[in-house]
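**Student:** Sequence:
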Amino acid sequence: MIKILCPEPDSFSQKGLDYASSFANLTAKPLTQNEFKKIAVNYDALLIRFNTKVTSSFFQNNSKITAIISPTTGLDHIDMDAARINGVKVYHLRGETSFLKNISGTSELAIGLMLSVMRKISQSFDSVKDGKWSASSFRGNEVSGKILGVIGCGRLGTKVCKSAIALGMHVISYDPFISKFPEGVKSKKNQLELLREADIISLHVPLLPETIHLIGEKEINSMKAGVIIINTSRGAIIETKSLIKNLENRKIYAAAVDVMEDEHLFLAKNHPLVEYASKRDNLIITPHIGGATYESVEKTDLFILKKYEEELTKKI
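Number 519 marks the last residue of the sequence shown (the working numbering); no jumps.
If you're looking for bench data, these hints aren't it; they were derived computationally from the structure. None of the hints are false.
Restricting the straight-line Cα-Cα distance to at most 25 Å, the calculated cross-link-like pairs of lysine-lysine (PhoX-like) are:
{"no.": "1", "residue 1": "Lys-232", "residue 2": "Lys-206"}
{"no.": "2", "residue 1": "Lys-349", "residue 2": "Lys-383"}
{"no.": "3", "residue 1": "Lys-267", "residue 2": "Lys-518"}
{"no.": "4", "residue 1": "Lys-206", "residue 2": "Lys-241"}
{"no.": "5", "residue 1": "Lys-448", "residue 2": "Lys-482"}
{"no.": "6", "residue 1": "Lys-240", "residue 2": "Lys-267"}
{"no.": "7", "residue 1": "Lys-267", "residue 2": "Lys-292"}
{"no.": "8", "residue 1": "Lys-292", "residue 2": "Lys-517"}
{"no.": "9", "residue 1": "Lys-256", "residue 2": "Lys-218"}
{"no.": "10", "residue 1": "Lys-206", "residue 2": "Lys-510"}
{"no.": "11", "residue 1": "Lys-304", "residue 2": "Lys-389"}
{"no.": "12", "residue 1": "Lys-444", "residue 2": "Lys-482"}
{"no.": "13", "residue 1": "Lys-448", "residue 2": "Lys-323"}
{"no.": "14", "residue 1": "Lys-206", "residue 2": "Lys-256"}
{"no.": "15", "residue 1": "Lys-509", "residue 2": "Lys-206"}
{"no.": "16", "residue 1": "Lys-349", "residue 2": "Lys-389"}
{"no.": "17", "residue 1": "Lys-421", "residue 2": "Lys-448"}
{"no.": "18", "residue 1": "Lys-392", "residue 2": "Lys-349"}
{"no.": "19", "residue 1": "Lys-421", "residue 2": "Lys-392"}
{"no.": "20", "residue 1": "Lys-292", "residue 2": "Lys-240"}
{"no.": "21", "residue 1": "Lys-509", "residue 2": "Lys-218"}
{"no.": "22", "residue 1": "Lys-421", "residue 2": "Lys-349"}
{"no.": "23", "residue 1": "Lys-482", "residue 2": "Lys-332"}
{"no.": "24", "residue 1": "Lys-349", "residue 2": "Lys-427"}
{"no.": "25", "residue 1": "Lys-392", "residue 2": "Lys-427"}
{"no.": "26", "residue 1": "Lys-454", "residue 2": "Lys-427"}
{"no.": "27", "residue 1": "Lys-292", "residue 2": "Lys-510"}
{"no.": "28", "residue 1": "Lys-383", "residue 2": "Lys-304"}
{"no.": "29", "residue 1": "Lys-267", "residue 2": "Lys-241"}
{"no.": "30", "residue 1": "Lys-510", "residue 2": "Lys-267"}
{"no.": "31", "residue 1": "Lys-427", "residue 2": "Lys-444"}
{"no.": "32", "residue 1": "Lys-232", "residue 2": "Lys-218"}
{"no.": "33", "residue 1": "Lys-232", "residue 2": "Lys-510"}
{"no.": "34", "residue 1": "Lys-218", "residue 2": "Lys-517"}
{"no.": "35", "residue 1": "Lys-335", "residue 2": "Lys-323"}
Beta-carbon label-pair distances, calculated as ranges:
{"no.": "36", "residue 1": "Arg-399", "residue 2": "Phe-328", "range": "32 to 38 Å"}
{"no.": "37", "residue 1": "Asp-329", "residue 2": "Lys-206", "range": "42 to 48 Å"}
{"no.": "38", "residue 1": "Thr-258", "residue 2": "Val-477", "range": "23 to 29 Å"}
{"no.": "39", "residue 1": "Asn-237", "residue 2": "Gly-371", "range": "46 to 52 Å"}
{"no.": "40", "residue 1": "Lys-206", "residue 2": "Pro-409", "range": "27 to 33 Å"}
C-beta: ideal position from N, C-alpha, C; glycine also.
Make a model of the complete structure from these sequences and hints.
**Tutor:** Structure follows, in structure tokens:
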């Protein structure tokens, strides 16, 4: 019987884990990265999400690993080149356009973060918990009438565009890989045009070599003073030093991010974004919860596990 190892069971739905157990010998228990690495070579497949990394060192000569099952669109936690070279198939969600149309968690979070920043929701709640009741201290801004610039107008970017239009926003977008934009969205010929016009910028691009530090000092200098940035894509899309510097000088009025560059540093309690946020009130950080809804997790678990099982059946 196929043996599957899941080192982060809390990241999966119970239905997903039960399904995996129905066709395989599943070991699902919390493991540190080092613990996981020591025993992973003894399993046929690895069931993981973002909290676990699979590097080239996993594919040793004695490794039994033939598959990595990751119900994610982002794949930067997996050494894809090493997997390919070693004949290990990676089951993932990137490119599963039809299925992903019904997965809305990350786009909903992007809108939620934008509203939280604009209306100072988290700060006002902290104040209430401290025993204060002052509406005037937390006067915010409406999103209606503001210009939202969406960089990357694929599945998630499109959902964000449509939600923003429903909220009365003027939406512009830049995406060099698509020709048809959602109704009501004005496309921009280049990123610079968008950066100059937008009051709020929401990022929805994959992490690729060409998108690392897509937003850095040069790009921020091109933005309006007082711009707001929302990032639910990948942390390395924004250069951390430039983000902090421009939050400090208020060129960027505020930012809300669900991802951080070098997220692993958080465990050492010395991530510069976390340090900044602990002392200032114009940065909101959530721990990569974009797709972490009960609905999204269950749907993606079952989809990717069924895909893996179907291919196993074909081989029998």
